[in-house]
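A.B. asks: Could you build the full structure based on these sequences and the hints that come with them?
What follows is the residue order along each chain.
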Amino acid sequence: MADDRTTLQRLWAVGCSLKLAIYAASAATLLIMGGSLAMNAHPRIFGGMDGTTINAWFAGTWPSAPQLTWWLPLTALCLLIFGINTLCCLLDWLTHLRARWRKTGEYLIHTGFLLLLIGYAWGNLAGFRSGPHRLAPGETLALPQLPGYSLQLDSFTPDFSPEGRPLDMVSAVVLLRNGNEVARGTVRINHPLLHDGLVILATSLDQRLAGFRCFLNGVGTIDLAPGSRVALPDGGTLGVLQLLADARQAADGQVIPMGEQLGNPALQLLLLRPDGSLWQGWYFLREPPPFELAAAGAAPRPLQPLAGYVSLLTVNRDPGAGLALAGGICLTIGVLLAMLSFYRKRRRGDRPQI
Amino acid sequence: MPDKTIFYLLFALYAAAVCGYAAHAVCRRTWLSRTSLALTAAGVLLHSGLLTQRWLAAGYLPVTNLFATLFFFSWALALTFFYFELRYRLGATGLFVMLLNLLLLGGALPRDQRIPPLIPSLDTPLFELHIIFSFTGYAMFAMAFSLGVLYLIQARIDSAALPDLGVLRRLNEEAIFLGFGLFTLCMVAGGIWAHIAWGYWFSWNIKSVWSFLVWLFYAGMCHAKFVRRWQGGVYAWLSIAGFGVVLFTYLGIGLLLESNHPLE
Ligand code: HEM
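Line by line, the protein sequences are chains A and B. The numbering of the first sequence is numbering that gives the first Met the number 0, which starts it at 0 and goes up by one. The numbering of the second sequence is numbering that gives the first Met the number 0, which starts it at 0 and goes up by one.
Watch out, some of these pointers could steer you wrong.
Residues on chain A that point at chain B, a partial pick, calculated with CB under 7 Å [unchecked claim]:
1) L17
2) L19
3) I31
4) S35
5) P191
6) M338
Which stretches of chain B does chain A cover? Using the computed rule of at least three CB atoms under 8 Å from a CB of chain A, they are [what the hints assert, rightly or not]:
7) 3-15
8) 110-124
9) 190-200
10) 204-211
11) 216-223
Far from chain A, some chain B residues (derived; all Cβ distances over 12 Å) [claimed, not checked]:
12) C26
13) L49
14) Q52
15) R86
16) V148
17) S158
18) A159
FYI, nobody ran anything at the bench for these hints, they're computed from the structure. Quick reminder that beta carbons are idealized off the backbone N, C-alpha and C, glycines included.
C.D. replies: What follows is the structure, given as structure tokens:
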């Protein structure tokens, strides 16, 4: 029988073909199945897949392991074909809506799937993933992927069970744009701060040196941390400017931070004498105090380090998340409609045959 | 370890139902299938009660270890079968599904049934929805698997004790469709949860990847029933293969990862 359809009509028929859908979905399934075996056998290569967007991960991994990652672009191609196929099928349904409105549930499922595909592609192409970032209360983190934006941690309160199991990590954060607040919130486990595609999450916590408990003649036991001020018996004041857990003094006298682990701790102090004169300098706690401090009788003797917690925060941006959520809602409503109308439609016997 | 008598009683109820269905398959007495249905109903009731009691005691749906998931899966499967049995009076068809159910419950019983403390990241209703829809979906796929096997048996032996091929085919399609619907809800809840817990809604972690494969496979099966040449036999084989994918996703991945990376 001669086929007198135009090329466009034939193309459209291929686009709407259920067989094409089955082939594309089967190919994607087999590729991912094979790929997952590679993922399982090479955790070192595939372990970081969630730490960054999939395209960034692929661009970084492909050159060193093409033999293990070739299935990924092929899967993307199959899913693209599958997506176009779903779109054609959906448009075809829309053009026959009057006769096929009973299938609204089924086609909401198709719409949901399409939105998920687009949301995933968009989120990965235009978004980023960063962190976890270590932030101590009071610190601010610049977000280089979003010029002008920074994240400030106001306070951090970990919550432990009586047995010491971490239960929650509560970070009060402020999102700033060019120094101005654009969003503020409390970030806890399963409660991120969401703002315009940004997701700010509590990932973990860590300990860090927060200060030192010291003994000061004439004053007693005091806790010194950045910002502390101590009134001295002679009317002077001792203030703490900075604390470094591990520091080294270079030949030119400059003090260089060496790391977060407790090593050679140093306090930068400010001494305001009763006569109004000022001294500012570093006190390496493992060494004798600077002469000026000792002479003023204001040299604290370190007793023990004080631990504080830092928050480990993840900052991701997924501009496709809203679309994906819309897809999820379409899927949910579609599934409920299709399930509720299943028996009635089966009684009517309306189903396509290929 | 706390007393397990009540769990064994549950097992005994289901086992008696299986015996009843087996006897019914042989001697075809209505009272046998009725008694089996009553035993199944009693089992489902007791199972639901135990699950509710554990849920209330824990303060959250206890599905965080293998005992609990097998116990929940078994409940979902018994409920699924009960639904089909009430709707269609399948009789001997129940033999196979309830045997599978016994395997699940039997797999759970030797394990520790104490409820572990909840990991903070699981403390969200999204997790509960995710699990409920996942296992009710799995139960439908298990039902479809049983119906697929019965279809193939019936196609060979043409027994009067089993429903005819047309009925088995339709029921298989129904189980697949309902299972796909439930599993879709599981994926949606899981995606939203992942987004708020990790900041991305699809993870390339191997379990999530295989869950996506389960979903894709059964979405494919929702269409495969329209291919005339595949209706019946091919579809039955696909239901069996699909359940293989489900079992691998649920149990196999843990074992595979363990065998490859004992230290992970
Ligand atoms: C890729 C291209 C796709 C095509 C061409 C396609 C085509 C179709 C067609 C023609 C139907 C029958 C509707 C009717 O009964 O009139 C259908 C049903 C359905 N489709 Fe798709 N579809 C595609 C993708 C998908 C995807 C990705 C999903 C799920 C994620 C999906 C889920 C469903 C479901 C659940 C049904 C209902 C099955 C039933 O009535 O039992 N489809 N599809």
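A.B. asks: Please go over all the hints and tell whether each is borne out by the structure.
C.D. replies: Here is how each hint holds up against the structure:
The closest approach between the C-beta of A:L17 and any C-beta of chain B is roughly 6 Å, which is under the 7 Å cut-off, so the hint is satisfied. A hinted interface residue such as A:L19 counts as satisfied when its beta carbon comes closer than 7 Å to some beta carbon of chain B; here the least separation is about 11 Å, so the hint is violated. For A:I31, the suggested interface contact is upheld, since its CB lies about 6 Å from the closest CB of chain B, less than 7 Å. The interface hint given for A:S35 holds, since its Cβ lies 5 Å from the closest Cβ of chain B, which is under the 7 Å cut-off.
Checking A:P191 against chain B by beta carbon gives a least distance of about 5 Å; that is within 7 Å, so the hint holds. At about 5 Å, the closest approach between the beta carbon of A:M338 and any beta carbon in chain B falls short of 7 Å, and the interface hint on this residue holds. Counting residues of the stretch 3-15 of chain B whose beta carbon lies closer than 8 Å to any beta carbon of chain A gives 0, which falls short of the minimum of three for the stated coverage. Remark: the stretch 110-124 of chain B is confirmed as covered by chain A, as 5 of its residues place a Cβ nearer than 8 Å to a Cβ of that chain, reaching the required three.
Under a criterion of three residues with beta carbons nearer than 8 Å to beta carbons of chain A, the stated coverage of the stretch 190-200 of chain B is upheld, 10 such residues being counted. Remark: the stretch 204-211 of chain B is confirmed as covered by chain A, as 5 of its residues place a Cβ nearer than 8 Å to a Cβ of that chain, reaching the required three. Counting residues of the stretch 216-223 of chain B whose C-beta lies closer than 8 Å to any C-beta of chain A gives 5; at least three are required, and the coverage claim holds. In this structure B:C26 is separated from chain A by more than 12 Å, as the shortest Cβ-Cβ distance comes to about 33 Å.
For B:L49, the requirement that its beta carbon stay farther than 12 Å from each beta carbon of chain A is met, with the minimum near 27 Å. With a cut of 12 Å on Cβ distances, B:Q52 stays outside the contact zone with chain A, its closest approach being about 24 Å. The beta carbon of B:R86 sits about 9 Å from the closest Cβ of chain A, which is not more than 12 Å, so the claim that it is off the interface is violated. Listed as a non-interface residue, B:V148 keeps its Cβ farther than 12 Å from every Cβ of chain A; the least gap is roughly 22 Å.
In this structure B:S158 is separated from chain A by more than 12 Å, as the shortest Cβ-Cβ distance comes to about 26 Å. Listed as outside the interface, B:A159 is consistent with that label: its C-beta sits roughly 26 Å from the nearest C-beta of chain A, beyond the 12 Å cut-off.
In this structure, the earlier hints numbered 2, 7 and 15 are contradicted, and the remaining ones agree with it.
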